[in-house]
Each structure stands twice: as C-alpha cells, then as structure tokens.
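Given next are the chains, with one letter for each unit.
2 protein chains.
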Amino acid sequence: MSILAVGSVAFDTIKTPFGEVTDIVGGSLTYFALSASFFTDVNLVAVVGEDFGEEQLKVFRGRRIDLQGVDHAKGKTFRWGGEYSLNLNSRETLFTELNVFEGFQPELPEAYKQADVVFLGNMHPNLQQSVLDQVKSKRVVGMDSMNLWIEITPNELRSVLGRVDIVKIDDSEARDLAGVYNLRKAAASIQGLGPGTLIATRGSHGAMLFTEKGMFSAPAYPLEDEADPTGAGDSFAGGFFGYLAQAPTIDDATMRRAMIYGSVMGSFCVEDFGTHRLERLTMDEINARYHALKEMTDFDDL
Amino acid sequence: MSILAVGSVAFDTIKTPFGEVTDIVGGSLTYFALSASFFTDVNLVAVVGEDFGEEQLKVFRGRRIDLQGVDHAKGKTFRWGGEYSLNLNSRETLFTELNVFEGFQPELPEAYKQADVVFLGNMHPNLQQSVLDQVKSKRVVGMDSMNLWIEITPNELRSVLGRVDIVKIDDSEARDLAGVYNLRKAAASIQGLGPGTLIATRGSHGAMLFTEKGMFSAPAYPLEDEADPTGAGDSFAGGFFGYLAQAPTIDDATMRRAMIYGSVMGSFCVEDFGTHRLERLTMDEINARYHALKEMTDFDDL
Numbered sequence: 006m007s008i009l010a011v012g013s014v015a016f017d018t019i020k021t022p023f024g025e026v027t028d029i030v031g032g033s034l035t036y037f038a039l040s041a042s043f044f045t046d047v048n049l050v051a052v053v054g055e056d057f058g059e060e061q062l063k064v065f066r067g068r069r070i071d072l073q074g075v076d077h078a079k080g081k082t083f084r085w086g087g088e089y090s091l092n093l094n095s096r097e098t099l100f101t102e103l104n105v106f107e108g109f110q111p112e113l114p115e116a117y118k119q120a121d122v123v124f125l126g127n128m129h130p131n132l133q134q135s136v137l138d139q140v141k142s143k144r145v146v147g148m149d150s151m152n153l154w155i156e157i158t159p160n161e162l163r164s165v166l167g168r169v170d171i172v173k174i175d176d177s178e179a180r181d182l183a184g185v186y187n188l189r190k191a192a193a194s195i196q197g198l199g200p201g202t203l204i205a206t207r208g209s210h211g212a213m214l215f216t217e218k219g220m221f222s223a224p225a226y227p228l229e230d231e232a233d234p235t236g237a238g239d240s241f242a243g244g245f246f247g248y249l250a251q252a253p254t255i256d257d258a259t260m261r262r263a264m265i266y267g268s269v270m271g272s273f274c275v276e277d278f279g280t281h282r283l284e285r286l287t288m289d290e291i292n293a294r295y296h297a298l299k300e301m302t303d304f305d306d307l
Numbered sequence: 006m007s008i009l010a011v012g013s014v015a016f017d018t019i020k021t022p023f024g025e026v027t028d029i030v031g032g033s034l035t036y037f038a039l040s041a042s043f044f045t046d047v048n049l050v051a052v053v054g055e056d057f058g059e060e061q062l063k064v065f066r067g068r069r070i071d072l073q074g075v076d077h078a079k080g081k082t083f084r085w086g087g088e089y090s091l092n093l094n095s096r097e098t099l100f101t102e103l104n105v106f107e108g109f110q111p112e113l114p115e116a117y118k119q120a121d122v123v124f125l126g127n128m129h130p131n132l133q134q135s136v137l138d139q140v141k142s143k144r145v146v147g148m149d150s151m152n153l154w155i156e157i158t159p160n161e162l163r164s165v166l167g168r169v170d171i172v173k174i175d176d177s178e179a180r181d182l183a184g185v186y187n188l189r190k191a192a193a194s195i196q197g198l199g200p201g202t203l204i205a206t207r208g209s210h211g212a213m214l215f216t217e218k219g220m221f222s223a224p225a226y227p228l229e230d231e232a233d234p235t236g237a238g239d240s241f242a243g244g245f246f247g248y249l250a251q252a253p254t255i256d257d258a259t260m261r262r263a264m265i266y267g268s269v270m271g272s273f274c275v276e277d278f279g280t281h282r283l284e285r286l287t288m289d290e291i292n293a294r295y296h297a298l299k300e301m302t303d304f305d306d307l
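Top to bottom, those sequences are chains C and F. No gaps in the numbering here: position 59 of the first sequence is 64 in the numbering used here, and each next residue is one more. No gaps in the numbering here: position 193 of the second sequence is 198 in the numbering used here, and each next residue is one more.
Misleading hints may appear alongside valid ones.
Pairs involving identical chains hold if they fit within one copy or between any two copies, as the list cannot separate such chains.
The list that follows gives simulated cross-link-like pairs (lysine-lysine, DSS-like), each with its CA atoms no further than 25 angstroms apart [claimed, not checked]: (1) K63 / K81; (2) K141 / K299; (3) K20 / K190; (4) K20 / K79; (5) K63 / K299; (6) K299 / K190; (7) K218 / K299.
Hints in this document: simulated from the structure, not taken from any laboratory. Given the structure is predicted, the values throughout are model-derived calculations rather than measurements.
Using the sequences provided together with the hints, build the complete structure.
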C-alpha cells in the first residue's frame with residue numbers, strides 16, 4: 006500500500022503574529038508527504054534546485070518516504086513568502102519565485118507506476134495529466150488545485166477532473182470552481198464533472214465531505230495555541246489520503262475516519278511554524294487527538 | 006417546565022439577495038419564543054406599541070406561548086431594518102427605531118416568577134438584572150448579549166455574567182467580550198466571569214459549547230436553499246433552552262442534545278424570510294433534521 010504524490014517542494018518564508026521564519030523547507034508536497042508517511046509509504050515526485058541538499062532532505066529521512074523521484078535540477082528551488090493577518094484567517098503572498106518548478110516535468114520512476122493512491126498536488130492541470138498518463142495501475146486518484154488554475158486553465162482543469170475520484174480544495178475554491186456560492190450546490194456541480202467525492206476544507210471551521218452517499222462534517226480541533234497555518238490543508242490531505250492508502254477497503258466509514266485523521270493532521274501542523282510540529286509528532290499523539298475529536302462531537306441519536 | 010423569556014419584539018424590514026420583506030413581525034424574542042415553544046411552555050415578557058394588534062399577535066397564537074407578560078405601551082413598536090451581502094455572511098443595519106422599547110421596564114406577572122429556565126434576551130444589562138431580581142426560583146439562567154453592551158456597558162455586563170449559568174453569543178462577540186482572539190482562551194476567560202457554560206455560535210459553521218466538562222462542537226446543517234439568516238441565532242437559543250427546560254436532568258449529554266436542537270432550529274429559520282419557516286415547521290421535521298445531523302457527523306472511534 007503506497008501513495009504516489011506529486012507537487013511542490015519549496016523554501017518558505019513565513020510571517021505570522023507569533024513569529025517569522027526564513028527559507029525553511031516547505032511546499033505543499035512536503036507537508037502532504039510528512040503527514041501521509043504516518044500512515045503509509047509515500048513515493049515523492051518533485052523537483053528541487055542545487056540549493057536543496059542533504060541538509061534539506063533530512064526533513065524526509067527516517068520516514069516512510071521514498072526520494073527516488075525527486076529531481077535535482079540546475080538552478081534554485083521554488084521560493085514562496087507569505088504574511089498572515091492578526092487572526093490568521095487571511096494571508097498575503099509576499100513573493101513567489103518558481104525557479105526550477107517552472108520547468109517541472111514530472112517523470113515517474115518505474116517502481117512508482119503501480120500505486121495504491123495517486124495524489125496530484127496543486128500545479129498546472131497539464132502536469133497533473135502527464136502524471137496520470139504515466140500511472141499503470143491505481144486504486145484511487147485524488148487531486149488538489151487552486152484559484153489560479155480555476156481562472157487561467159478552466160478547460161484543462163475540467164479534463165483532469167474527469168479523471169480523478171476525489172478532489173480536495175478549500176470551500177471558497179469549490180465555490181469558485183462551480184461558480185455558485187451555496188456549498189451543497191457547488192459540491193453537486195463539481196461531482197457532476199467527474200469526481201464522485203469532494204472534500205471542502207474550511208480552515209479552523211473543519212471540513213466537509215460530499216460523496217454519492219451523502220455528506221459528512223468533520224470538526225476542526227480548537228487549538229489553544231496557534232503559530233502558523235501554512236501547510237494545514239496539505240497536512241489534512243496527507244492524513245486523509247495516507248489513511249485511505251492503508252485501508253483494506255474504502256467505504257463510507259473509511260472515508261469518515263480518513264476525514265478525521267485529515268483534521269487531526271491539519272490541526273497539529275498549525276501548532277508550530279512550517280513542518281516543525283509534524284517533524285516531532287508521534288502516532289500516539291495523532292490517535293489521542295482522533296479520540297478527542299470523537300469525544301468533542303458525540304451525541305445521542307433520537 | 007417552562008421558560009421565562011425576556012427581550013425584543015419588533016417590526017423587521019429585511020433585504021437579502023433572495024428577496025425583501027417590510028415590517029414583518031420579528032425581534033429576537035419572537036424567534037426565540039417560536040423556536041422554544043416546540044419543546045416547552047414559554048412565558049413572554051416584552052413591550053409592543055399601539056401598532057401591534059391581534060393581527061401581529063397571531064404569530065404567537067396556537068402555540069405554547071403565554072402573552073400575559075406582553076406590555077402594550079403607547080407609541081410605536083421597535084423597528085429594525087437590515088440588508089445582507091450576496092453570500093449572507095455580513096449585514097448592514099439600515100435603521101434602528103427603538104420606539105417603545107426605549108422605555109421598556111420588564112415587569113413579571115406573578116405566575117412567571119417561578120421558572121425552570123430564565124432567558125435574558127439581548128438588551129441593556131441593567132434590564133437583564135431587573136428581570137433576575139424579580140425571579141423567585143429557577144433552575145437555569147441563560148443570556149444573550151451583543152457588541153453594543155460589551156462596548157458601552159462593560160461593568161454592568163460583568164455584573165449580569167456573575168449571575169447567569171449559560172451565555173449564548175456569537176464567536177466574534179465572545180472574542181470581543183474576552184478581549185482575546187483564540188476561542189478556547191476566550192471561553193475560559195468568560196467562564197471565569199461566572200457562567201460555567203458558553204455557547205459560541207458561528208453562523209453557517211455551527212456552534213461550540215464550552216462547559217466545565219470540556220468542549221462540544223455542533224455542526225450546522227448545510228442548506229441547499231437559504232433565504233434570510235435573520236433570527237437564526239435566536240432560533241438556536243430557543244431550541245437549546247427549550248430543550249433544556251423540558252429535560253428532567255441537565256447533564257453533559259442533555260446539553261449536547263440541546264446544542265443539536267439549537268442547530269436544527271437555526272437552520273430551519275434561514276430557509277425562509279423572518280419567522281415564516283418556523284411558523285409552518287413540525288416536530289417531525291425537527292426530529293428528522295436532528296437525525297440527519299447525527300448521520301452527518303458520526304464516525305468510528307479508535
């Protein structure tokens with residue numbers, strides 16, 4: 006049971022009301038991989054630059070993460086900088102330097118072509134297609150996207166949507182993608198484009214799962230101390246798809262448990278800057294918070 | 006088992022992207038009472054003007070609502086007008102005419118002085134105090150408030166908080182009241198002022214319950230068709246306190262069920278303008294949605 010995950014590895018510079026960090030290892034795939042590796046083997050496909058060496062790769066070492074698919078290209082690694090508002094609810098991108106990511110052509114090592122779960126991280130829909138074209142067998146395909154692709158490559162995005170099973174985007178992106186504000190209507194519209202399942206994440210308000218069977222609402226764990234929301238949605242995705250990958254069967258109950266693990270991983274991510282909390286996290290802590298979410302939401306049926 | 010409920014009855018003029026209504030019967034107490042009356046007897050204490058006659062009182066008739074405590078004063082009834090943004094997430098108050106509400110001096114009929122639940126609707130803290138002073142026996146005291154009182158009467162508000170068991174306010178008000186953004190810290194700070202229990206409502210994101218025992222997260226029911234959010238928080242409160250009033254014992258499980266009934270009542274309220282949906286609502290519909298919320302949030306523990 007393994008995940009093939011493709012996306013961006015980057016150097017992040019982050020400023021929040023609680024502190025700031027410069028050029029730490031980030032990028033959506035990094036969060037996804039660290040999170041998913043608690044549950045399953047993760048095969049990474051990414052590109053980094055010459056400034057990304059053993060010191061940086063350490064974040065992945067000693068985990069269930071294979072780095073064979075990481076391309077070391079000439080040039081500098083993707084860099085992103087962002088600053089959060091006082092309540093962490095909005096952020097401003099300070100800079101985006103694509104660098105080697107601009108020429109990224111995902112190439113799958115032979116061993117990666119049989120995957121249990123394929124996760125297409127947020128990138129140009131044509132790159133997502135090219136990954137799918139290389140995969141020989143898989144059980145589930147999940148994807149992320151963002152407003153940029155919804156706006157500038159709507160047709161390409163629709164083509165990918167027709168080939169995936171599960172889309173994970175935030176609720177405002179779901180609304181933009183469907184062109185309708187009501188989330189249930191937006192979900193139905195996106196499901197109509199191909200993926201039977203939509204996960205709409207809502208930051209500190211939790212996440213909604215829409216399947217052919219119905220809806221599931223996963224709460225967010227209310228944190229007492231928040232440091233940095235960067236990567237929370239990617240950590241959610243890692244928990245969700247990581248749990249799916251190791252599950253013998255994927256039914257409604259499996260998906261619900263996966264949503265809770267997603268919420269757990271997203272909440273831990275926010276507790277410290279960058280990947281720091283995920284790096285020192287244990288499976289016992291993960292399961293304790295899973296149980297806390299159960300306690301926090303349980304009530305008698307009629 | 007009964008609720009003594011004090012607050013505002015008004016004529017509301019409401020504009021949303023889905024339509025508009027003029028001078029319909031509203032006011033927070035009206036929503037609260039209609040909602041609570043599905044669960045228990047409600048004794049209303051309010052003031053209306055000469056323009057509020059039998060035609061208007063019809064909204065309360067044929068329900069478990071006693072109107073003995075409604076004062077018919079000289080002058081015009083409280084009037085409020087508001088307009089909602091395209092996504093219903095924010096609203097602008099167009100006008101507020103207090104009229105007879107300005108001179109409101111709540112006076113409790115003798116029969117109202119023994120109550121199971123006392124609910125102090127959103128009004129000047131000194132009026133809330135004067136109601137409590139008249140009550141002879143009660144099991145639980147709940148209250149609502151708003152930013153206006155947090156800003157202009159902080160000391161009076163603190164005095165009331167020291168005398169109540171349960172505060173129901175929205176999450177932004179909880180943050181303002183506590184002077185801290187983090188909701189868990191805000192809840193702890195408010196609980197420290199007296200009330201053991203805080204309900205922080207979050208609109209379409211549900212509501213959080215903070216008690217001495219811990220936290221409970223109630224989901225919002227995702228509506229396919231929304232018309233008008235006016236009164237949703239008051240309907241939540243009516244469902245919550247109405248359910249508590251009829252419960253033989255009030256323990257953690259009771260409070261959780263009450264939160265779900267609150268969420269159910271708030272969700273129905275939004276489906277039509279003003280009180281229209283509540284007026285044609287049935288207990289079967291309420292219980293069906295309660296069950297739907299259970300279905301929507303249930304997952305296996307570890």
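Quick rundown of the hints versus the structure:
In the homo-oligomer, the alpha carbons of K63 and K81 lie at most 25 angstroms apart inside one protomer (18 angstroms), although the nearest pairing across protomers, at 73 angstroms, exceeds that limit. Taking the shortest Cα distances, K141 and K299 never come within 25 angstroms of each other, neither inside one copy (38 angstroms) nor across copies (40 angstroms). In this assembly of identical chains, the alpha carbons of K20 and K190 lie at most 25 angstroms apart only when taken from different copies (23 angstroms versus 36 angstroms within one copy). Neither within a single protomer nor between protomers do K20 and K79 lie at most 25 angstroms apart by alpha-carbon distance, with minima of 29 angstroms and 59 angstroms respectively.
Proximity of K63 to K299 under the C-alpha cut-off of 25 angstroms is found in neither arrangement, the shortest distances being 34 angstroms within a copy and 44 angstroms between copies. Only between protomers do K299 and K190 lie at most 25 angstroms apart by alpha-carbon distance; the minimum there is 21 angstroms, versus 28 angstroms within a single protomer. Within a single copy, K218 and K299 get their C-alpha atoms as close as 21 angstroms, and across copies as close as 15 angstroms, so both meet the 25 angstroms cut-off.
Of the numbered hints stated above, those contradicted by the structure are hints 2, 4 and 5, listed in ascending order.
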